[in-house]
Amino acid sequence: MTHTHTPPTAGGVHLQVHQLTKTYGSRTVLHEAGLNIEPGQFVAIVGRSGCGKSTLLRLVAGLEKPTAGGITLDGEPLDGLSEHTRIMFQDSRLLPWKRVIDNASLGLPRQSKKAALKVLEQVGLAERANEWPSKLSGGQRQRVSLARALVHHPQLLLLDEPLGALDALTRIEMHRLIEGLWQTHGFTALLVTHDVQEAVALADRVILIEDGRIAMDEAVNLPRPRSVGTAAFAALEKRILDRVLQKPQDETAAHDTTATWPGVAAHGLRWAI
Amino acid sequence: MTTSAPIRSESPSALASVHPEQPWAPAHGAVVPWQALVAWTTSITRAFIPWLVPVTLLWLWHISAVNGWLSTRVLPAPLDVVTAAWTLAANGELWTHVQVSSGRALSGLAIGGGLGLLFGLLTGTFRTAETLLDSTVQMVRNIPALAMIPLVILWFGIDETAKLFLISVSVFFPIYLNTFHGIRNVDPGLIEMGRTYGLSGWRLYTEVILPGALSSILVGLRFSLGLMWVILIVAETISAQAGIGYLTMNAREFLQTDVVLVGILLYALLGKLADVFARSLERYWLRWHPGYQTPGH
Numbered sequence: 087m088t089h090t091h092t093p094p095t096a097g098g099v100h101l102q103v104h105q106l107t108k109t110y111g112s113r114t115v116l117h118e119a120g121l122n123i124e125p126g127q128f129v130a131i132v133g134r135s136g137c138g139k140s141t142l143l144r145l146v147a148g149l150e151k152p153t154a155g156g157i158t159l160d161g162e163p164l165d166g167l168s169e170h171t172r173i174m175f176q177d178s179r180l181l182p183w184k185r186v187i188d189n190a191s192l193g194l195p196r197q198s199k200k201a202a203l204k205v206l207e208q209v210g211l212a213e214r215a216n217e218w219p220s221k222l223s224g225g226q227r228q229r230v231s232l233a234r235a236l237v238h239h240p241q242l243l244l245l246d247e248p249l250g251a252l253d254a255l256t257r258i259e260m261h262r263l264i265e266g267l268w269q270t271h272g273f274t275a276l277l278v279t280h281d282v283q284e285a286v287a288l289a290d291r292v293i294l295i296e297d298g299r300i301a302m303d304e305a306v307n308l309p310r311p312r313s314v315g316t317a318a319f320a321a322l323e324k325r326i327l328d329r330v331l332q333k334p335q336d337e338t339a340a341h342d343t344t345a346t347w348p349g350v351a352a353h354g355l356r357w358a359i
Numbered sequence: 267m268t269t270s271a272p273i274r275s276e277s278p279s280a281l282a283s284v285h286p287e288q289p290w291a292p293a294h295g296a297v298v299p300w301q302a303l304v305a306w307t308t309s310i311t312r313a314f315i316p317w318l319v320p321v322t323l324l325w326l327w328h329i330s331a332v333n334g335w336l337s338t339r340v341l342p343a344p345l346d347v348v349t350a351a352w353t354l355a356a357n358g359e360l361w362t363h364v365q366v367s368s369g370r371a372l373s374g375l376a377i378g379g380g381l382g383l384l385f386g387l388l389t390g391t392f393r394t395a396e397t398l399l400d401s402t403v404q405m406v407r408n409i410p411a412l413a414m415i416p417l418v419i420l421w422f423g424i425d426e427t428a429k430l431f432l433i434s435v436s437v438f439f440p441i442y443l444n445t446f447h448g449i450r451n452v453d454p455g456l457i458e459m460g461r462t463y464g465l466s467g468w469r470l471y472t473e474v475i476l477p478g479a480l481s482s483i484l485v486g487l488r489f490s491l492g493l494m495w496v497i498l499i500v501a502e503t504i505s506a507q508a509g510i511g512y513l514t515m516n517a518r519e520f521l522q523t524d525v526v527l528v529g530i531l532l533y534a535l536l537g538k539l540a541d542v543f544a545r546s547l548e549r550y551w552l553r554w555h556p557g558y559q560t561p562g563h
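Protein chains in written order, with our numbering: chain S, 87 to 359; chain X, 267 to 563.
Treat the hints as calculated values from the structure; they're not laboratory data.
Everything numeric in this text was worked out from a predicted model, so none of it was measured.
Cβ atoms here follow ideal geometry from the backbone N, Cα and C, with glycine treated the same way.
Where hints are given, some of them may not hold.
Which residues of chain X face chain S? A few of them, derived with a C-beta cut under 10 Å, are [to be verified]:
id, residue
1, Arg450
2, Asp453
3, Gly455
4, Glu458
5, Gly460
6, Thr462
7, Tyr463
8, Gly464
9, Leu465
10, Val474
11, Gly478
12, Leu480
13, Leu484
14, His555
15, Pro556
To list a few chain S residues with every Cβ distance to chain X over 12 Å, as calculated [unchecked claim]:
id, residue
16, Arg113
17, Ala154
18, Gly250
Below, a sample of chain S positions facing chain X; criterion: calculated Cβ distance under 8 Å [unchecked claim]:
id, residue
19, Ala147
20, Leu149
21, Asp165
22, Leu167
23, Arg172
24, Ile173
25, Phe175
26, Pro182
27, Trp183
28, Leu192
29, Trp218
30, Ser220
Using the sequences and the hints, build the whole thing.
Listed below in structure tokens is the structure:
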């Protein structure tokens with residue numbers, strides 16, 4: 087919150103999350119989370135799997151209703167899906183029966199192929215416009231899904247681990263692409279990831295969610311474009327990673343169970359599952 | 267930009283025929299004539315082998331018929347069958363019967379299949395329609411259409427209506443079931459994505475749900491087409507004043523086994539045609555699907 091970022095263009099939305107709680111039955115996934123994200127800011131949310139980070143993203147997207155608390159976009163309370171918000175999913179979720187260009191222009195009026203082609207050009211796939219999605223590689227599919235989101239000129243782009251299934255090289259390319267497009271379009275971005283390096287490479291702010299609570303909120307004051315190799319980058323990445331790994335309670339619990347087996351040394355046991 | 271190129275499956279024969287960098291080939295890529303000859307002979311042999319058994323059987327049949335080992339009451343000579351088909355085609359009788367039979371089959375398919383599609387879409391889309399209708403349909407489905415023949419004759423007589431009814435009832439279920447399942451099995455992630463991209467109502471239905479269910483609906487159509495001919499044959503055998511069934515039953519009365527065989531082959535041919543038609547529909551509508559793409563395209 088101390089960090090202020092001036093967006094290149096004023097195309098972002100001011101996202102505020104107030105005391106957000108989400109429970110499924112008796113399980114509380116998100117516990118009174120509060121956030122204030124300035125227009126045009128790029129925020130990454132990290133955390134272990136099952137910590138509630140994806141739930142937060144789905145709540146912000148309007149895909150689910152909070153149990154308590156609320157979300158505002160530019161001061162307007164959010165109720166259901168917003169036309170200014172677009173999501174990039176982990177699995178690209180392209181429609182396999184539509185050609186790349188028709189996927190990119192999904193949800194637009196039928197005659198707006200030109201806009202879609204322009205955005206496809208921005209992600210470097212204009213020449214594949216007439217292919218079926220099944221002919222594309224994983225990275226290309228994610229680029230199409232990025233183009234599909236951007237063609238709507240979203241003020242808030244939600245990225246739900248969009249690069250999780252890609253190889254390391256493709257991921258680095260996608261980082262550059264996303265950063266460049268974010269700088270051009272100026273939308274507010276919320277990235278959910280389990281990759282701390284990715285978070286530090288892209289975000290103005292890294293937020294750690296632990297057991298449904300916001301456990302850390304760290305500004306990333308590194309100049310862009312960022313290089314993974316620098317000492318400052320590595321130091322910050324290590325600090326965040328150490329913080330993420332601080333509570334390994336699950337492993338100790340599992341270890342205790344194996345130790346209670348009578349007559350078997352705990353280190354001698356290997357589960358086949 | 268990205269490292270991995272799209273993977274295309276190529277048929278082994280395409281790989282074998284176009285392969286300029288064989289280590290044992292002479293320099294500068296020239297193809298020696300004998301190599302081309304060997305390749306040509308191999309491909310001809312490969313194309314011929316599947317026909318070996320049917321051609322031999324046909325020849326055996328011909329030999330036994332010509333030498334009188336096979337009575338014409340059991341099986342006519344293959345050439346007699348061809349002659350009978352030719353005569354029937356020449357005097358126009360064949361076409362009238364084929365037209366009548368196809369007309370029956372297709373109107374039955376249109377009625378039963380149309381209703382199946384409609385009800386499948388309804389129960390697949392709306393939970394209330396499912397709770398209201400699905401268990402009834404599942405119960406009725408277990409009654410074989412042919413078991414209803416006595417009742418159908420009582421209701422409709424031995425008229426066209428009876429035949430239409432039998433065909434419609436039997437083609438209804440495969441299309442209904444597969445449409446229902448197709449709609450239900452559309453990836454919920456895609457529907458969610460469609461909603462977040464501003465699609466709703468009719469557009470969500472036509473751009474996401476229906477195309478997602480299409481491959482399953484087409485499977486239902488192929489099942490129905492198969493059933494359609496079976497039921498038609500039975501219905502026409504009971505009683506008919508025209509059609510392929512009438513042709514064969516009439517020929518049986520006069521011991522014209524050649525005409526009977528022409529009728530049987532006609533049924534087979536029409537069934538095959540229907541299947542080819544359904545396949546071409548699949549190839550067109552599912553051309554986005556990797557399973558229906560021809561390699562190299």
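Here is what the structure says about each hint:
{"no.": "1", "hint": "Arg450", "in the structure": "18 Å, violated"}
{"no.": "2", "hint": "Asp453", "in the structure": "8 Å, holds"}
{"no.": "3", "hint": "Gly455", "in the structure": "5 Å, holds"}
{"no.": "4", "hint": "Glu458", "in the structure": "7 Å, holds"}
{"no.": "5", "hint": "Gly460", "in the structure": "7 Å, holds"}
{"no.": "6", "hint": "Thr462", "in the structure": "5 Å, holds"}
{"no.": "7", "hint": "Tyr463", "in the structure": "4 Å, holds"}
{"no.": "8", "hint": "Gly464", "in the structure": "4 Å, holds"}
{"no.": "9", "hint": "Leu465", "in the structure": "6 Å, holds"}
{"no.": "10", "hint": "Val474", "in the structure": "6 Å, holds"}
{"no.": "11", "hint": "Gly478", "in the structure": "8 Å, holds"}
{"no.": "12", "hint": "Leu480", "in the structure": "8 Å, holds"}
{"no.": "13", "hint": "Leu484", "in the structure": "13 Å, violated"}
{"no.": "14", "hint": "His555", "in the structure": "7 Å, holds"}
{"no.": "15", "hint": "Pro556", "in the structure": "5 Å, holds"}
{"no.": "16", "hint": "Arg113", "in the structure": "22 Å, holds"}
{"no.": "17", "hint": "Ala154", "in the structure": "24 Å, holds"}
{"no.": "18", "hint": "Gly250", "in the structure": "15 Å, holds"}
{"no.": "19", "hint": "Ala147", "in the structure": "6 Å, holds"}
{"no.": "20", "hint": "Leu149", "in the structure": "7 Å, holds"}
{"no.": "21", "hint": "Asp165", "in the structure": "14 Å, violated"}
{"no.": "22", "hint": "Leu167", "in the structure": "6 Å, holds"}
{"no.": "23", "hint": "Arg172", "in the structure": "7 Å, holds"}
{"no.": "24", "hint": "Ile173", "in the structure": "5 Å, holds"}
{"no.": "25", "hint": "Phe175", "in the structure": "6 Å, holds"}
{"no.": "26", "hint": "Pro182", "in the structure": "5 Å, holds"}
{"no.": "27", "hint": "Trp183", "in the structure": "4 Å, holds"}
{"no.": "28", "hint": "Leu192", "in the structure": "5 Å, holds"}
{"no.": "29", "hint": "Trp218", "in the structure": "5 Å, holds"}
{"no.": "30", "hint": "Ser220", "in the structure": "5 Å, holds"}
Checked against the numbered hints above, the structure violates hints 1, 13, 21; every other hint is satisfied.
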